[in-house]
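Residue numbers (this note's numbering), protein chains in the order written: chain A, 1 to 390; chain B, 1001 to 1373.
Honestly, the hints are just simulated from the structure, not real lab data. Positions of the beta carbon are idealized from the N, C-alpha and C atoms, including for glycine. There could be a bad hint or two in this list.
The calculated DSBU-like cross-link candidates involving lysine-lysine, where the alpha carbons are at most 30 Å apart (straight line), are [stated by the list, open to error]:
(1) K1228/B - K1158/B
(2) K108/A - K1228/B
(3) K1260/B - K1158/B
(4) K1321/B - K1201/B
(5) K1201/B - K112/A
(6) K112/A - K277/A
Chain B stretches covered by chain A per the calculated footprint, using a threshold of three residues with CB under 8 Å from any CB of chain A [unchecked claim]:
(7) 1141 to 1147
(8) 1153 to 1164
(9) 1248 to 1262
Pulled from the structure, derived: some chain A residues nowhere near chain B, Cβ distances all over 10 Å [to be verified]:
(10) Y39
(11) R42
(12) S380
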Amino acid sequence: MRRIYLDNNATTPVAPEVFEAMKPYFLDDFGNASSIHWYGQRAKAALELSRERVARLLNARPSEIAFTSGGTESDNAALVGIVEASRSEKKHVITTTIEHSAVLHTAKALEKRGVRVTYVPVSASGIVDPSEVEKAIGADTVLISVMHSNNELGTIQPLDEIGRIARERDIYFHTDAVQSAGKVPVDVEKLGVDLLSLSAHKLHGPKGVGALYIRRGTVLRPLLYGGHHERDHRPGTENVPGIVGLGKAAEQAAEHGTNDAERVGALRDRLEEGILKSIPLTSVIGDRSRRVPGTTNISFEYIEGEGFVIAMDLRGIACSTGAACSSGSLEPSHVLTAIGRREQARTSIRFSLGRFNTSEDIDDTLEVLPRVVEQLRSLSPHYKKSAIAV
Amino acid sequence: MDSSLAAALLAENNSSAASNGSPRVVGMTMQLWNQRRLPALLGLEEGETPARASGRCCSLDDVYDARRVATFLGLPYYVVNFEDRFEQDVVRPFVESYLAGETPIPCSQCNTEIKFAQFIETALKIGADAVATGHYARVRRDDESGRYRLLAGRDPSKDQSYFLCGLTQEQLARTLFPLGEFTKDEVRAMARERNLPVAEKPDSQEICFVPTGNYRRFIDAYLSEQGKRVESEGGEIVSTDGRVLGRHQGLENYTVGQRKGLGFATGTPLYVIGLDPARHQVVVGSNQELLKSRLRVRDVNWIRPVGEGESLAAHVKIRNKHLPAPARVEAGENAEAQVEFSSPQRAITPGQAAVFYDGEEVVGGGWISQVLD
């Protein structure tokens, strides 16, 4: 059975070039990057080359990049780090209702420690209104954290405007760019961010490695204590093969990012239009004009997402009902709830495309999809009732 | 372990994939109840995670084990979430039934409402033809009439047909019980032979969503979570001739036939004879008074076609460990039935299932609604 992977927002396959670049750092160049000797120097050189490559992708300085274990750690390090380092007596953090759990649950934990948190609502199309962020600012606000693009909808947030506001008010500004880095241009200067999280495995790098951009002069309290690695931001012997993979993935993304984006965007649009045209009672959720190229979130009325994903998987097509992290939970997606689409949370399916998807993948998916939807709907008591009513 | 071997037997008989490349056997676990939901029951604070809550459905360990078996057998495996339906159709009726002075069996309710209803629906939706479980029971299709028959499992000590009396013809048509022809010992031996990772796993015993086995604490915790009364409503303990002997702490603490825990001592042993929800009374009496012959059954499901007003001789089973006893069953209107045993039976308990057997075949069954004098 031919398999088609349309869940690139959950994770992406490691690119062959990335895998090749990593290989030597398991067997031959296995050194500890802190060691004085030749082995250590080989590892250190690789580490610093990766730092340059990641910095270039973000238009940052290499010294502003700290490697972490991934997006979740970067988000935690940014939020907790800023709050803990702040000397203010009262602390206030502003974020949004559609953030990834790595930000939302960190914010919740900070609330338990006495930090005031404002969760700014977003529009029905999944976009934050910068003036709402501005309104939420108080004298005690120490950090604003707004994601670059949403993992479930793909909607890109107006960070440059929020960045300007943050700068005017002299408030630290963090963005979770895990779903954007490598897919659309992410320039820390243009965005005006002080902190930015990214994860290697979302851009064809390996799992378990990520980075946090920390603008020069930003004061952070580290999450972990240990040696003086990563300029005291992140102790622990560096994951050299992983970091090399991240560096290579970042280099590749910087090189053919625009090409990828155009091609993947065209495939996504074809899939989306094909579905809307051939299957009744479907609609796209989220602002279609402001999205990362690979993502679409579609509501299929009268289907139940869980069964749909299984039925598709048994036919070789991988997609998801939303964030992979929330699989198995019955809670409707907090993102769809936040944009007033709670009712569609159970009928909505996320397809996320990536560099390795082909035109044939879309043809095959569009052939299988209507049959799966029909099969599910024909067994739905509600659908039958509505069909009779019509 | 039982469902794992059932999957193994099916997979062996269907080793090749379908013509379109889809697998023929798929492993699935129903997520029915979140064990972390009532943390107080496990002695945990809000937000803490239990290190281990094993031996029951839906614990993370069970999902882990099931996944391990599926991997071992090379089957795709999915967890489907029916928590909402389970709460609505099983847990809430379970609690309400206790509060109304009954002693419910949620497993039968779950089979009828969830396992062989919602679960079959999901299975059909994903393209399956039938659902197989590890129950010890057998389904036969009668070629002449086209009807399905439900038979007890071959192993009388493990037979689970009692819990399946609510299955309809449509449900039976979509059901496979691969273990029905085997004894528990044979099943365990076959699991060992195949090196199934769960071959040595003990059977689950308790009601799956009551993690401690203490259903009274569960009812209290559930009610307080729902913002309902936490304290049970107390009442009188009376003798069968109406004398007040003491007080009780809520009907849900008692079940028919219970001897211990009445809270006072008398010269002769006293047993709970009945619970009267209207008067909030626990009625106690002698062992002799526990013996009754007639009962009413509600929500009867007839697996064999039996018409209103029909009267039949059957062996009737009134609780899981009860040996079916000869009786006359009269099918009434509104899916009710009346049962009269040839000789009195001990502790007939409202809320339990009454299942009518003709030899090893289940003719039908329902819920005991009333015990008659």
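Quiz item: Are 3 or more residues of the segment 1248 to 1262 of chain B near chain A, judged by a Cβ distance of less than 8 Å?
Solution: As far as the segment 1248 to 1262 of chain B goes, the hint is violated, because 0 residues have Cβ atoms under 8 Å from chain A.
Quiz prompt | Pairwise hint evaluation, K1158/B against K1260/B, where the allowed Cα distance is 30 Å at most | solution = holds (28 Å)
Quiz item: Quick check: the segment 1141 to 1147 of chain B, covered by chain A? Criterion 3+ residues, Cβ under 8 Å.
Solution: violated (count 0)
Quiz item: Given the proposed pairing of K1321/B with K1201/B, does the C-alpha separation stay at or below 30 Å?
Solution: At roughly 23 Å apart (the allowed maximum being 30 Å), K1201/B and K1321/B satisfy the hint.
Quiz item: CA of K1201/B to CA of K112/A, is that 30 Å or under?
Solution: violated (41 Å)
Quiz item: For the segment 1153 to 1164 of chain B, do at least 3 residues have a Cβ located nearer than 8 Å to some Cβ of chain A?
Solution: Result for this restraint: violated, n = 0.
Exercise. Would you assess whether S380/A, listed as outside the interface, keeps its beta-carbon beyond 10 Å of every beta-carbon in chain B?
Key: violated (8 Å)
Quiz item: Is it true that the CA of K108/A sits at most 30 Å from the CA of K1228/B?
Solution: Within the cut-off at roughly 28 Å; holds.
Quiz item: Taking 30 Å as the top limit, are the C-alpha atoms of K1228/B and K1158/B close enough?
Solution: violated (39 Å)
Exercise. Determine whether the non-interface label on R42/A survives the test: each CB of chain B must be over 10 Å from its CB.
Key: Non-interface label stands for R42/A: nearest chain B Cβ at 39 Å, farther than 10 Å.
Quiz item: Taking 10 Å as the cut and beta carbons as the points, is Y39/A off the interface with chain B?
Solution: holds (38 Å)
Exercise. Verify the proposed pairing of K112/A with K277/A, using a straight-line Cα cut of 30 Å.
Key: violated (48 Å)
Of the hints listed earlier, those the structure fails to meet are numbers 1, 5, 6, 7, 8, 9 and 12, in rising order.
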